[in-house]
Amino acid sequence: MLQKRIAKLVEKCTLTGLFCLLFTFSSWVCANPVILVLGDSLSAEYGLPRGSGWVTLLDQELQKQGSNWSVFNASISGETSSGGLTRLPTLLESKKPEIVFLELGANDALRGLTIEQTKDNLQKIIRLSKKSGAKVLLFGMQIPPNYGQQYTKQFKDLYPMLASQEVIQLVPFFLEGVAQHQDLFQADNIHPNVAAQSILFKNVWGAMAPYQSILVPKR
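Going left to right, the sequence shown walks through residues 1 to 219 as UniProt numbering numbers them.
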């Protein structure tokens, strides 16, 4: 009698374990691929109604086109390249993104970091992302000329240089079509307003062309 009970218990545990294993495997297989957005206030909907930013517009466009990809926005207002680098390992582990959108660096300039410091941090973010198996889309940024001609030029040149060195895709200038128009900014003259979000989205969407074959199902 005791042997039969033990046998039934072992059988039950084995079946339960097998079920859990199959459930975990199927969940892993069926999980939607993820785009991780690692940015600052320009991507965090600073000063905007929730759900009106360019990241939401991107997510909506993917769904509209029948894509099974999901977008996780890990952007934080005031974020620097150093802060992004610190948070990245946990995000890579928890979200396991297939693509990382890297929109950082502008706050580095505002805080007086050197070009080398920003370059080192961005490069580490890129390499950690690639090491995890993710592709990287780098967002090119520019700063006002009042930072000095040399610093302004070096900052602008940093992004295409990194994209070339690390062999990754680049949004040439994230604020293209926005930076030149004061009416597309909030009262602080720093953060794009709601009307600018569709332009930012188009700038990003255009740079995503190399990913279209994996993002959008063939019809």
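It should be emphasised that the hints constitute simulated quantities derived from the structure, not laboratory data.
Accuracy of the hints is not assured; some may be wrong.
[Unchecked claim] No more than 35 Å apart at the CA atoms, straight line, and that leaves these computed lysine-lysine pairs for DSBU-like:
no.	residue 1	residue 2
1	Lys-124	Lys-96
2	Lys-95	Lys-130
3	Lys-130	Lys-202
4	Lys-95	Lys-131
5	Lys-153	Lys-64
6	Lys-135	Lys-218
7	Lys-131	Lys-96
8	Lys-96	Lys-135
9	Lys-96	Lys-156
Each hint tested on the structure:
{"no.": "1", "hint": "Lys-124 with Lys-96", "verdict": "holds (17 Å)"}
{"no.": "2", "hint": "Lys-95 with Lys-130", "verdict": "holds (14 Å)"}
{"no.": "3", "hint": "Lys-130 with Lys-202", "verdict": "holds (25 Å)"}
{"no.": "4", "hint": "Lys-95 with Lys-131", "verdict": "holds (15 Å)"}
{"no.": "5", "hint": "Lys-153 with Lys-64", "verdict": "violated (39 Å)"}
{"no.": "6", "hint": "Lys-135 with Lys-218", "verdict": "holds (21 Å)"}
{"no.": "7", "hint": "Lys-131 with Lys-96", "verdict": "holds (12 Å)"}
{"no.": "8", "hint": "Lys-96 with Lys-135", "verdict": "holds (11 Å)"}
{"no.": "9", "hint": "Lys-96 with Lys-156", "verdict": "holds (30 Å)"}
Hint 5 from the list above is the single one not met by this structure.
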